[in-house]
Amino acid sequence: MSERDAVLAAVRRNLAGVEPPEPGVAPEVRIPGTATPTERLARFRAQLASVGGRVEVARDARVAAALLRDIVAEKGARTVAVSDAALARELAAGLDGVDGVAVACDAERAFLLEADLGLSCAQWGIAETGTLVLESERERNRLVSLVPPVHVAVLQAGAILATLGDALAAVRRPEHGAPSRAVTFITGPSRTGDIELTLVVGVHGPKELVVIVIDPEESER
Amino acid sequence: MSLPTHHPTSETFRANALAALADDTLRGALQRATGTLSERRKAAIAELPEWDALRARARAVKAEVLSRLDHYLEEFVARAQEAGATVHWARDGARACAIVAEIAAGLGRPTIVKSKSMTTEEIHLNEHLERGGLEPVETDLGEWIIQLAGEMPSHITAPAIHKTRGQIARLFVEKIGSEPTDDVQELTLAARKALRRHFAAADLGISGVNFAVAETGSILILENEGNIRLTTSLPRVHVAVMGIEKVIPRFSDLELFLRLLPRSGTGQHLSGYQSILTGPPPAGGEGPAEMHIVLLDNGRSAMLREEVTRQSLACIRCGACLNFCPVYQQIGGHAYGSVYPGPIGAVITPQLNGLEKTAQLPFASSLCGACRDVCPVEIDIPRLLLHLRALVSEGRDLPGFDGTVPRKRGEALAFRLWAWAMTSPRRYRAAAALARLGTKLGLSRLAPPVAAWRAARELRPFASRSFRDQWRELER
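Those protein sequences? They're chains A and B, same order as listed. The first sequence begins at 1 in this note's numbering and counts up by one. The second sequence begins at 1 in this note's numbering and counts up by one.
These aren't lab readings, by the way, just hints derived from the structure by calculation. Accuracy of the hints is not assured; some may be wrong.
[Unchecked claim] Below, a sample of chain A positions facing chain B; criterion: calculated Cβ distance under 8 angstroms:
hint, residue
1, V18
2, I31
3, A35
4, L87
5, R181
6, T187
A virtual CB, placed ideally from N, CA and C, is assigned to each residue, including glycine.
Based on the sequences and whatever the hints tell you, model everything.
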């Protein structure tokens with residue numbers, strides 16, 4: 001008997017005569033989310049701030065590129081690793097000619113492991129928790145968002161969803177319902193409390209997380 | 001890494017607990033930690049008026065999946081295989097360890113990084129790999145600390161909760177040659193530096209699984225540190241080890257469990273990172289070229305038989321019952337002599353290993369019910385404890401085990417006598433008269449079994465005249 005058959009047979013033997021519970025005993029619980037885009041952005045910003053992340057708002061890619069230059073200067077980053085997303089590359093192009101800063105798009109692992117700052121997009125945001133959602137099939141974002149000590153993520157304001165449930169629905173592809181091979185939820189910088197429950201950031205992943213939200217209506221808000 | 005040295009076992013629980021009670025450093029660390037974690041949980045759920053509805057729903061979803069576990073397992077496996085994952089089945093820990101060792105052997109002598117996983121602790125995977133000459137490195141900060149110290153985790157979500165910063169600093173000086181410091185930030189950064197070297201060289205990453213989605217073949221793993229993301233994205237091969245009870249039916253069910261687990265465990269709205277992995281990336285994609293999933297039974301299928309034990313499989317390993325348990329708060333995790341400590345450990349450990357060597361664990365509780373009240377999936381732990389106590393008092397082992405269960409002979413004899421006396425009016429009257437006489441003479445202080453029982457309890461004196469006697473007088 002194969003291991004598979006042995007385990008399944010043991011499960012079936014022990015479940016003999018067990019009936020599934022009546023459906024509808026405890027219905028699905030819907031948690032209401034924030035209603036308007038303005039509220040969602042405000043909530044996203046507040047929630048991210050509460051876990052040590054920071055939000056900057058830009059009305060377009062040009063302003064976002066200027067913000068990125070400022071962040072690179074502020075952090076003193078000498079090497080910047082960029083994902084393969086078009087928008088991330090566009091923003092990184094603004095770093096061309098900045099003295100002493102090396103930029104590599106879709107870089108080799110060796111460059112990534114030594115990079116001071118990683119730049120990626122985020123496909124979605126979650127207002128409820130201040131969370132970024134990254135889909136591997138939309139962008140090579142897994143390492144660039146994780147390995148360098150500073151992560152800068154670019155997010156469209158319109159992609160900020162209200163709830164966790166909205167985000168889980170959004171990452172399923174319409175053709176077969178499966179999500180990307182790797183979907184990553186990020187809420188704030190890397191953290192630990194393993195020594196006396198004292199919070200320390202940057203234990204394995206980024207010590208700092210900055211989200212640049214591109215919001216075309218920024219000037220009106 | 002050295003093999004773990006001496007560990008207390010479940011068999012000597014009572015002695016372990018007494019030793020822990022005498023350790024003031026340990027108790028101070030435990031009180032701070034469990035106090036902080038339970039306060040954080042209270043604050044987090046106070047913001048969520050739907051909390052009890054969510055718990056009821058989670059309990060129902062788990063009951064549904066466990067009642068048809070064969071069906072959901074097959075669905076999960078089919079979807080995971082379609083996504084390109086290689087699925088392995090293991091009826092026990094030894095076979096699961098052998099599967100992982102074989103995958104490792106296929107990589108030559110791989111550098112192995114591991115993220116925190118209770119299931120791999122349960123099957124002693126590290127010891128197995130170390131016997132084969134491999135050196136798996138735990139990368140969760142707390143797990144790494146206890147691996148360096150050669151200890152077992154003492155808490156489900158905070159494995160090094162029993163250690164002070166001073167102890168950890170001395171350990172780092174001795175084991176990794178870091179500078180002596182009492183600064184937690186510096187200690188953590190020393191760990192980051194040391195562990196980054198292992199990550200950069202890693203060929204094989206071993207992780208656990210928090211939830212496995214039948215509908216899509218996805219696994220979800222939660223964390224705060226980022227070491228799980230590194231473990232599952234840097235090495236060439238990823239192996240995820242999971243108990244068969246980790247399956248949930250629908251992708252959308254993740255919302256429910258993601259609302260319950262972080263709030264219960266650490267009081268967070270959401271843990272820092274969730275990785276949802278559905279097969280390995282396509283060729284040329286970022287991440288491991290191979291993804292293996294090991295499905296482990298190891299006694300779980302036997303828990304399905306009875307409704308009372310089946311609910312143990314609903315556990316999502318949040319650790320809330322530990323933080324709220326008045327027993328755990330005083331003695332910590334090591335006394336239980338098992339990778340699963342606290343109230344949930346006291347019911348799961350006997351079911352995984354049989355009652356022969358764990359018979360003291362179901363008695364490690366005052367039955368106050370705090371564990372049941374905080375459980376995010378409404379597991380009735382006191383009922384399970386009573387179920388196991390009944391087996392011990394009858395000297396019976398759990399189904400599937402045939403150990404010699406050390407009966408509580410004195411108690412069993414006392415209850416048999418009690419039953420004998422209570423089932424005849426004549427014997428009852430005689431026993432009551434004897435008890436009144438005992439009270440008068442103060443015998444309860446003399447008899448050794450009663451004295452032992454009384455050490456932690458009040459014995460109410462028997463009334464000098466029984467109700468029956470008084471009633472008879474009134475009728476006259």
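Going through the hints against the structure:
Hint on V18 of chain A holds. Least Cβ distance to chain B is approximately 5 angstroms, under the 8 angstroms limit. The closest approach between the C-beta of I31 of chain A and any C-beta of chain B is roughly 6 angstroms, which is under the 8 angstroms cut-off, so the hint is satisfied. Because the beta carbon of A35 of chain A sits about 18 angstroms from the nearest beta carbon in chain B, more than 8 angstroms, this interface hint is broken. A distance limit of 8 angstroms between C-beta atoms decides the matter here; for L87 of chain A the minimum to chain B is near 18 angstroms, and the interface restraint is violated.
Because the beta carbon of R181 of chain A sits about 5 angstroms from the nearest beta carbon in chain B, less than 8 angstroms, this interface hint is met. Proximity of T187 of chain A to chain B holds as hinted, the smallest CB-CB distance being about 5 angstroms (cut-off 8 angstroms).
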